[in-house]
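> The lines below spell out each chain.
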Amino acid sequence: MSAISRFSQMQKRLLLLESVILIAALCVEGRLVYLQVYKHGVFSRLALRQQFTPKEVSASRGTIKDRSGALMAMNIGLFNVCAHPNQITDKVRTAAELARATGESYGSILNKLSGDKAFVWIARQIPYEHSEAIEALKLDGVEATREQRRFYPDHEMAAHVMGFTGIDNQGLNGLENYYNKILTGKKGLELTERDARGRTVMADNKSVKVEKDGLSIVTTIDKTIQHVAQVELQKAFDKFRCKSASVVVMDPATGEILAMANYPTFDPNHFDAYPAATWKNRVVNDQFEPGSTFKLITAAAALEEGVVSEDDKFFCENGAYKTEYGRVVTDHESHGWLTFREVFGYSSNIGMVKVGMKLGKDNLYRYCKKFGFGDPTGIDLPGEATGKLRPPEKWSGLSMGSIPYGYEVSSSPLQVLAAYAAIANGGVMMKPYLVKRLENSDGNAVKEFAPKKLKRVCSAKTARRMTELMKWVVEKGTGTAVALPTYPIAGKTGTAYKFMNGHYSRYNYVSSFVGFVPAENPKFVIYCSLDDPRGIYWGGYTAGPVFKEVAKRALAYAMVPGVTPDSAIAMDGDKRAVPSFTGLTKEQCKWLANRDGLRLKFDGKGDRVVDQSQKAGLPLPQEKDSSIKITLTLGTQAGTEAHGIMPDLRGKTKRQALALLSPLGLRVNFKGQGIVRAQFPPAGRAIPANMPCDVSCDLPATKLANLPPGGAS
Amino acid sequence: MSFRNEKTASPDFFLFLLTLILVTSGLIMVYSSSAILAHDRYGSSYYFFARQLLWILVGSFGMWVASRVDLESLRALAIPALFMGLFLMVLVCVPGIGRTVGGAQRWFRLGPFSFQPSEVMKIILVFYLADSLDRRKQTLVNFSGLMPYLVLLGMVMVLLEKQHDFGTAVLLALVTILLLFLAGIQWTYFLIPLSVLIPVFIFLVQSASYRMKRITAFLNPWDDPQGAGFQLIQSLIAVGNGGLKGVGLANSSQKLFYLPAPHTDFIFAVIAEELGLLGAGTLVFLFAVFILRGFKVASMASQREGGLFQGLLASGITGLIGFQALVNLGVVTGLLPTKGIPLPLISYGGSSMVFTLVSIGILFNISRGMKMPSAFSESSLAVRGGVGV
Chain A
1 MSAISRFSQM QKRLLLLESV ILIAALCVEG RLVYLQVYKH GVFSRLALRQ QFTPKEVSAS
61 RGTIKDRSGA LMAMNIGLFN VCAHPNQITD KVRTAAELAR ATGESYGSIL NKLSGDKAFV
121 WIARQIPYEH SEAIEALKLD GVEATREQRR FYPDHEMAAH VMGFTGIDNQ GLNGLENYYN
181 KILTGKKGLE LTERDARGRT VMADNKSVKV EKDGLSIVTT IDKTIQHVAQ VELQKAFDKF
241 RCKSASVVVM DPATGEILAM ANYPTFDPNH FDAYPAATWK NRVVNDQFEP GSTFKLITAA
301 AALEEGVVSE DDKFFCENGA YKTEYGRVVT DHESHGWLTF REVFGYSSNI GMVKVGMKLG
361 KDNLYRYCKK FGFGDPTGID LPGEATGKLR PPEKWSGLSM GSIPYGYEVS SSPLQVLAAY
421 AAIANGGVMM KPYLVKRLEN SDGNAVKEFA PKKLKRVCSA KTARRMTELM KWVVEKGTGT
481 AVALPTYPIA GKTGTAYKFM NGHYSRYNYV SSFVGFVPAE NPKFVIYCSL DDPRGIYWGG
541 YTAGPVFKEV AKRALAYAMV PGVTPDSAIA MDGDKRAVPS FTGLTKEQCK WLANRDGLRL
601 KFDGKGDRVV DQSQKAGLPL PQEKDSSIKI TLTLGTQAGT EAHGIMPDLR GKTKRQALAL
661 LSPLGLRVNF KGQGIVRAQF PPAGRAIPAN MPCDVSCDLP ATKLANLPPG GAS
Chain B
1001 MSFRNEKTAS PDFFLFLLTL ILVTSGLIMV YSSSAILAHD RYGSSYYFFA RQLLWILVGS
1061 FGMWVASRVD LESLRALAIP ALFMGLFLMV LVCVPGIGRT VGGAQRWFRL GPFSFQPSEV
1121 MKIILVFYLA DSLDRRKQTL VNFSGLMPYL VLLGMVMVLL EKQHDFGTAV LLALVTILLL
1181 FLAGIQWTYF LIPLSVLIPV FIFLVQSASY RMKRITAFLN PWDDPQGAGF QLIQSLIAVG
1241 NGGLKGVGLA NSSQKLFYLP APHTDFIFAV IAEELGLLGA GTLVFLFAVF ILRGFKVASM
1301 ASQREGGLFQ GLLASGITGL IGFQALVNLG VVTGLLPTKG IPLPLISYGG SSMVFTLVSI
1361 GILFNISRGM KMPSAFSESS LAVRGGVGV
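These protein sequences, in sequence, are chains A and B.
Counted from 1, the first sequence has number 610 at position 610 by the numbering used here; the numbering is strictly sequential.
Counted from 1, the second sequence has number 1073 at position 73 by the numbering used here; the numbering is strictly sequential.
Since the hints were made in silico from the structure, they are not lab data.
All figures in this text were calculated on a predicted structure; none of them were measured in a lab.
Be careful, since some hints might not be right.
Stated by the list, open to error - Straight-line Cα separation of at most 30 Å, BS3-like style, residue types lysine-lysine; simulated pairs:
1) B/Lys-1137 - A/Lys-12
2) B/Lys-1245 - B/Lys-1339
3) A/Lys-39 - B/Lys-1245
Unchecked claim - Computed beta-carbon distance windows for the label pairs:
4) A/Arg-124 - B/Ile-1097: 55 to 63 Å
5) A/Thr-89 - B/Leu-1057: 36 to 44 Å
6) A/Val-37 - B/Thr-1100: 38 to 46 Å
7) A/Lys-187 - B/Ile-1202: 56 to 64 Å
What the hints assert, rightly or not - Just so you have them, the derived chain A footprint on chain B, three or more residues with Cβ under 8 Å:
8) 1179-1185
9) 1238-1248
10) 1274-1284
11) 1292-1306
12) 1325-1331
By construction, the Cβ of each residue, glycine as well, lies at the ideal position given by its N, Cα and C atoms.
Chain A with its partners taken away, still in its complex shape (with noise of 0.2 Å):
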């Protein structure tokens, strides 16, 4: 072979080379598309599996605010520990820094850390000083991670509308589980970067989807009202060593329940320190025989359909009355000829089995479901008691010597309050409701819940008829004891004899009163009922006062102006003077003239006082006189004269009040002692010199809601 050819050969097998070098490279290319494009996705996915793990982000739970927005539930911040097993090499160490560090002890840890598992908790809801010194350790596989905790500031404040959350922070009762989708949101989701030790990485998380924060509750709960509402029940309720007691308040206009308090009550931070029976809501989910709070029913139902009128007289049997079959129904007290509307007045059980009658079982039986016996308010908290109410065709021959005066029936306390609201509002059954609005998280609305008719009841006349019976029961009935001077009551006592053991215990009672105030163009539906009161168990005597009590302070809180005036509510200053009536509307005007006993004339257009005839400051006579007349000018806003702004005094003590107060020249009248818990007018508001500032003080340092203008109703 000569070298010229070697080389061409050489050449040749270089060529075969490159070829085979090209086909290499191509197949790498090849290789490359087919890992890159085709099965890139593939790929990606385990890329992500493997280098994030997927964690919740929890949205943050919302708030339950009472009417004016003070907050009743909130949220603090506490820690959870945990730890990822398998990632912990050191398992003996890392459970003796964790012991020491949570003060949980170092056997449970070990035995947690000891599995393979992939996750498990060491401490939940830790203070703060804790997981910071656990995150100091920075022991491989351990995290704390932050958690919010439901906080209740008032403690019991209607703690049964509140309810409660668990340790996972669900709505467990009350309007936190009712609404507990609405105030939970939306957990959002966030990968965490991890490299292959599952250590993470400091880069930002990717967030896969966003957290959606729980909607904010407005309730229609007034804390004023809830608060006072829950004085006077607790003191009933010491007062008659019941077993339970319970009250509702209710704007009969709109339905909206203003407050709502059982006793024996619970603290829902601490909810599980409380035996169980005491978080039942027993004005919802509570049903017994109403007795003869029922009565209303029977005598609106006889009124409407025209079978009685107020004046027609009834033999009451002297107390005891034999039914066709058999059945002996008695009365508390014998009573002989009495008018439908003493039997009303009276609470004669015989008399109004004789209505009842009269009114036939089909035609009661109507009435009952009108006035919604037997059927769910429809209130917006769980477990609604719907009471029992059977169809005539069921009834048995004793049953017309029972329903009328409220017996083989029951009902919750809702139901009743509905029933009488109905009344109270002409004839027009309000759906009774707890929650006014939703609000995200920035404090806009999201949703306003509109006041809801359910039906009418009855005519606007035979409402009106069956107010005047109940003002009759306050006046000269059963319920004379919780009349009070300046505004009429409408209302009706109840004491049922208590179902137990098989037949009707003679010792037992459930005592109720529920009415209505002013009896004319009611601000106030109020229900009482104690649960076997000692000593006096009548419910005029024992519920009564409550209703009483309630009444008087509501009516003074929302400024309702009285027919007459009166004395007890007017704030207890050193001397008698003329008010300053400047920058205040005329209704604000007509409850401080009520008070004081004066008489007014207005002149003027305008919403607010400019001017007033008599100097605010003037001296008034120690006794009450009507002959004094002040004319007061009314203008706009503008021409009134701000002279200061009305600070915030609540929770303040009375010496720390008048520091604050007397820089702006007002005249303070102070009402009881301690710490203030209300005070008119509210904060933030502009005030004229010379303004009468009323400030109330009680002992136990209660927050309460600024007052609104004009009242709560």
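Keeping the supplied structure of chain A fixed, place chain B upon it in accordance with the hints.
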């Protein structure tokens, strides 16, 4: 050692440009892939980068020297160098002298740096084979003429086996066969070395369980994703995750301790993840062009009078770099079983970088004065004076 005249023609500019691009992008990728590892292990993210830069500078000097020595006068040193290389290979296996890294005893420790004798052995072997085959080309027609080379190859492979360096053993076998093939042995003789090598290969594979595992893991990595298949799966995830455009420079997640050796043997996986098909495909293309250019130099050198030695030398060097590159790319993309072979010019590693650059220097040396057919020929003429090598 004698140097050529300063006035001699410039080396191939195109080859120089390719080398520059590869080395520069390699340095960037070494930093990107090793920064976190370096920070984690040494407290400085520049640890590997700085060392790699230093070795590139040392290697560049070596390349400059190699491109200027008189290759023909160096041929006298071929046999002594071979013995020197073999001696070092034996020495590294002596306990207490060789340094063990990752279970393989294949390094010498020189102060703060370590040095791998098998790297220098690659060049020595190629240089020796080119010299010897050129001189004994007449005897190659007989089978007995092949025997010394096969014995030599066997010895080198046994020594590499002692160092657990199976990858380099295969590489040197391939290069030896390549040079024998180019030197003109008959097709039929090829069957003889192959018939020897294949049983040896099978024996070597079976003699070490880790190799067997690597083979089976390559065939189905998902059988044991946490064990033998782990490396390959992590590599494939990195490559696949890169997609068309990549996750962006420095953004690889797979280098976060998922990928073994992200800055050395599996650096291409990081490149593929960060730069995607566009970057990785371009790199493969650049390597292919580099290899073809190297063979072009070999081909033209062999056409020169008495140029067989330089032609074989250029082929051997190109083959060394080319086979390493292709094997590494094949391993990373799952086309070949996992072997510890770095990607030349790219992967982190001092010995590999220095001796690769020196061998490219030799390639430059051979390419001097060639009229290379190239799209770059005009421009290479224009800047020829400025190349400086």
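> Which constraints among the numbered hints does this structure fail? Numbers only, ascending.
none
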